[in-house]
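Knowing the structure of chain A, use the given hints to seat chain B on it.
Protein chains in written order, with my numbering: chain A, 226 to 788; chain B, 226 to 788.
There are no misleading hints in this set.
Since copy identity is lost for identical chains, a pair holds within one copy or between any two.
No more than 25 angstroms apart at the CA atoms, straight line, and that leaves these computed lysine-lysine pairs for PhoX-like:
1. K757 / K772
2. K772 / K597
3. K381 / K438
4. K381 / K757
5. K438 / K462
Derived by calculation from the structure, the hints in this document are not laboratory data.
Protein chains: 2
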Amino acid sequence: MPSYVIGVDFGTESGRAVVIDVADGRELGSSVYPYANGVIDKTLPAPDDDVRLAPEWALQDPDDYLRTFQQAIPAAIAAAGVDAASIIGVGVDFTACTMLPARADGTPLAAVPQFRRNPHAWVKLWKHHAAQPEADRINQVARERGEAWLPMYGGKISSEWFYSKALQILDEAPEIYDAADRFIEAADWVVWRLTGVETRNSCTAGYKAIWSKQDGFPGSGYFAALDPRFANVVDEKMYRDVVSIGDKAGELSEEAAAWTGLRPGTAVAVANVDAHVSVPAATVTEPGRMVIVMGTSNCHMVLGERIAPVQGMCGVVEDGILPGLFGYEAGQSGVGDIFAWFVDNLVPAEYFEQAARDGIDVHEALEREAAKLTAGQSGLLALDWMNGNRSVLVDVDLSGMILGATLATRAPEVYRSLIEATAFGTRMIVESLEEAGVPVNDIVACGGLPHKNKLLMQIYADVTGREISVAASTQTPALGSAMWAAVAAGAVAGGYDDIKQATAAMATLRDEHYLPDAAAAAVYDRLYAEYKTLHDYFGRGANDAMKRLRAIRDRALEGAARG
Amino acid sequence: MPSYVIGVDFGTESGRAVVIDVADGRELGSSVYPYANGVIDKTLPAPDDDVRLAPEWALQDPDDYLRTFQQAIPAAIAAAGVDAASIIGVGVDFTACTMLPARADGTPLAAVPQFRRNPHAWVKLWKHHAAQPEADRINQVARERGEAWLPMYGGKISSEWFYSKALQILDEAPEIYDAADRFIEAADWVVWRLTGVETRNSCTAGYKAIWSKQDGFPGSGYFAALDPRFANVVDEKMYRDVVSIGDKAGELSEEAAAWTGLRPGTAVAVANVDAHVSVPAATVTEPGRMVIVMGTSNCHMVLGERIAPVQGMCGVVEDGILPGLFGYEAGQSGVGDIFAWFVDNLVPAEYFEQAARDGIDVHEALEREAAKLTAGQSGLLALDWMNGNRSVLVDVDLSGMILGATLATRAPEVYRSLIEATAFGTRMIVESLEEAGVPVNDIVACGGLPHKNKLLMQIYADVTGREISVAASTQTPALGSAMWAAVAAGAVAGGYDDIKQATAAMATLRDEHYLPDAAAAAVYDRLYAEYKTLHDYFGRGANDAMKRLRAIRDRALEGAARG
Chain A
226 MPSYVIGVDF GTESGRAVVI DVADGRELGS SVYPYANGVI DKTLPAPDDD VRLAPEWALQ
286 DPDDYLRTFQ QAIPAAIAAA GVDAASIIGV GVDFTACTML PARADGTPLA AVPQFRRNPH
346 AWVKLWKHHA AQPEADRINQ VARERGEAWL PMYGGKISSE WFYSKALQIL DEAPEIYDAA
406 DRFIEAADWV VWRLTGVETR NSCTAGYKAI WSKQDGFPGS GYFAALDPRF ANVVDEKMYR
466 DVVSIGDKAG ELSEEAAAWT GLRPGTAVAV ANVDAHVSVP AATVTEPGRM VIVMGTSNCH
526 MVLGERIAPV QGMCGVVEDG ILPGLFGYEA GQSGVGDIFA WFVDNLVPAE YFEQAARDGI
586 DVHEALEREA AKLTAGQSGL LALDWMNGNR SVLVDVDLSG MILGATLATR APEVYRSLIE
646 ATAFGTRMIV ESLEEAGVPV NDIVACGGLP HKNKLLMQIY ADVTGREISV AASTQTPALG
706 SAMWAAVAAG AVAGGYDDIK QATAAMATLR DEHYLPDAAA AAVYDRLYAE YKTLHDYFGR
766 GANDAMKRLR AIRDRALEGA ARG
Chain B
226 MPSYVIGVDF GTESGRAVVI DVADGRELGS SVYPYANGVI DKTLPAPDDD VRLAPEWALQ
286 DPDDYLRTFQ QAIPAAIAAA GVDAASIIGV GVDFTACTML PARADGTPLA AVPQFRRNPH
346 AWVKLWKHHA AQPEADRINQ VARERGEAWL PMYGGKISSE WFYSKALQIL DEAPEIYDAA
406 DRFIEAADWV VWRLTGVETR NSCTAGYKAI WSKQDGFPGS GYFAALDPRF ANVVDEKMYR
466 DVVSIGDKAG ELSEEAAAWT GLRPGTAVAV ANVDAHVSVP AATVTEPGRM VIVMGTSNCH
526 MVLGERIAPV QGMCGVVEDG ILPGLFGYEA GQSGVGDIFA WFVDNLVPAE YFEQAARDGI
586 DVHEALEREA AKLTAGQSGL LALDWMNGNR SVLVDVDLSG MILGATLATR APEVYRSLIE
646 ATAFGTRMIV ESLEEAGVPV NDIVACGGLP HKNKLLMQIY ADVTGREISV AASTQTPALG
706 SAMWAAVAAG AVAGGYDDIK QATAAMATLR DEHYLPDAAA AAVYDRLYAE YKTLHDYFGR
766 GANDAMKRLR AIRDRALEGA ARG
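Just chain A, same shape as in the assembly (with noise of 0.2 angstroms):
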């Protein structure tokens, strides 16, 4: 009898349950439930639509998370046309750090009607950015005091990280911090309301909490430097018991099958993060082949053997993308929003027209001219930090730069350059791995770009000099929850008893490879040296230009604000 797994992901605007065919990774039947309240960013939802929020605020409703299990799950198991009793498991992937304050039962603060008109009851979004005070206080106290954590950590927490968002909790709403037993990654809190078992996944606590396989958390010592208050929060709002990425974290509630419509008892994977779980959907099970997530965003992974502080990474874990081994994460925080940023604002109106004609996207057009271009002809070149550099700088105040222009310039090739920009912004994030002992041999690319924008894979092959394979799936997020829900099942229920051997079975890359051309990759090489002066030079305090300009604008802006 034929198994299933069901992957959901827990996207920013969107849950998407996929049913997947434990055989082959076969794409079987899915479904996306449009978050009702989606991002919430201005005001809490109706009826409490007149608390409006601060800007950079980004929470959400944990409710429409349960709505995705009750809508999704049933939706996509009637559109794969299988029988619900042949699924053996379900696994979940989220954004992170997406966090939440809830009751010791799981009752979300949100849902408590004494707390629900305060924005701290409600989760708070990966890219909720109200607490960088809190991420400064953060870096500053553990700096002073040497914490050894840090350098794991690229030497900067994120204002979007845990204990950010849970710090800005203790200092604007005391109330709230009090009457949280609980605060709790989503994804885990999400696995919990379908177990009814409260587990800790090892990816979110080591990539968000500070959390390491051998040391554990920071020290009560750490946490009390930053807030008396906040000495004891991990026993006092956490959980120490963290739980190994691959382990099963419970089976199916009565309550849970009864809004999935699945078996009680089904397994439930260990709760993961939508990047990381998609590591072994693009086949990657071993050391020295790296793995990016390409969107609006880039996110690098890699598996590493030893750990070993690289210079910006978002993080390295034990446990924390594959049992066993030392995930790498680093990333690129502007990639396709910049592109289209770009397509949004400095893109006059021929290519859209040519596009129309030609029934294709703007995009599509635009890479199409700049398709004839060869490396190096655009005499551009520019810095891939529109918003901001997240590895291997760390620093999100530093700004985008186009350089090279004359009165030739055309639209195609300033597109063509900062595609090279983020290229070369990954290159800098491979040398880096590499420098500090962690290989990478070549390179799967999953996420949205690489299926629309080869000749965006063809330049990070030239560019980094490294073969780039393609994830088969579209949805490696997905898959790879449904992947990690196989070996919860276990090969006893019709699954597999560890991830390699779902991944042998379950993963597959596209029939399309794209190998560095020689004489680009040595224009590539003079451009790269170029990039990276101008990369130190702005970068790393030569020049800090792009920090003034930003203090400049603030004050300008403030003084037109004021009128």
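What follows is chain B alone, placed relative to chain A:
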């Protein structure tokens, strides 16, 4: 009886004649003759259009200049409705260096049947850029020999200038070089045609042919070092008696009177250059007031009491602008050209649509949006070198840069940053002059841009910290030529005895003055400091990335051309 004068302004695409009232400088009528053969840059005109020109070539047909006299002057007189007998003088200004080879009697070699199929027989227009190898040789030999005049020209002679073009003729067409009795500026050639008298004006001689009142032309030893055949270029092909701006060149011949409908014997002024003749037309006859002709490029002129080497000047010439004073000239090679490039290549449809709805030009629509921003609010900083840098770096191989872009950057912000960058470039010139002891107390703008773009004028005032006035005339070259014609005629004939008197009577400013805003100026001081740092970093050798990118581009283009 009222007296009138005619100014004839020879531009790149057409010649314009304007009839001006001597009493008050009023423009009474004008006419434009578009050159029949325009800019000749692909093939020679028919029937010789099988002769193709190499890239970078730009020629003109000397007959187009005569047709300007024959058609535009009578038409302007008719339009003015004045009696031709009351016209007391004619003055001309020209682009420069625009030069041609001629016979001893003034016949252009292009009109000699045996030479007319040789492109070197034609007029080399100012923007003929094919003599770069010769310019390189001229500069190298001058540096090696320590020629004293080199620092007065910013340390570098342009491929556009007189000896570069003459030497190219010698290099590539020695038969034309031998056949030429004269190499002459078109400015002087047309005056020769009007009067029958060969003169060489001090303006083009000084700025384009390295003449100085004190030292004359470079010595034959220098020219011999370029090429032994070139040793006596001055004595064999030119004319040593340079005549000061403001003198009378001669009187209208019978032949030219018949062309134009003017009286034979009408005073004709010594020829001049379009930019330089604008200085008195912009009311300036004394040191301390800079005139900027603002259009596709900027030309900056200021008068000084003394000669001083100023870094990156185009030149400093005694009697070059006004008799008895030293005329300093500097320039920015891209200004309006840069705004036009941006609009043509990087502005999305919405601004064109908005402009169409409001019945305004797209530049005006962008300016309106840009004017809503305060200084510094865009967060952007640009280097205005999309067409190279004329002053003060004198480097055509530099290119443009835009720094500070974020995903929130919009087209009007970039537009404003480009305006600001050209203002910073002007401030760099102003400061270089003042550091060398040449004061710049205020600025008068003329040309096409000041009448169209108020935001630009205000930004220039804020950035330079100087009051900016605008010349009333929109045709300052033709007005200036007419003023010099009134001086050539003299008071006895109803004109003026010197240019100060003519200026007092004939030139006026608009009732519109731009004063620096203290708050904006303070912000721009900070942005200018950033500009200066990057100006020096990219422009003075610390990082020659722009040149290397250009070299990489050129190699890529060669590769692409080879296929």
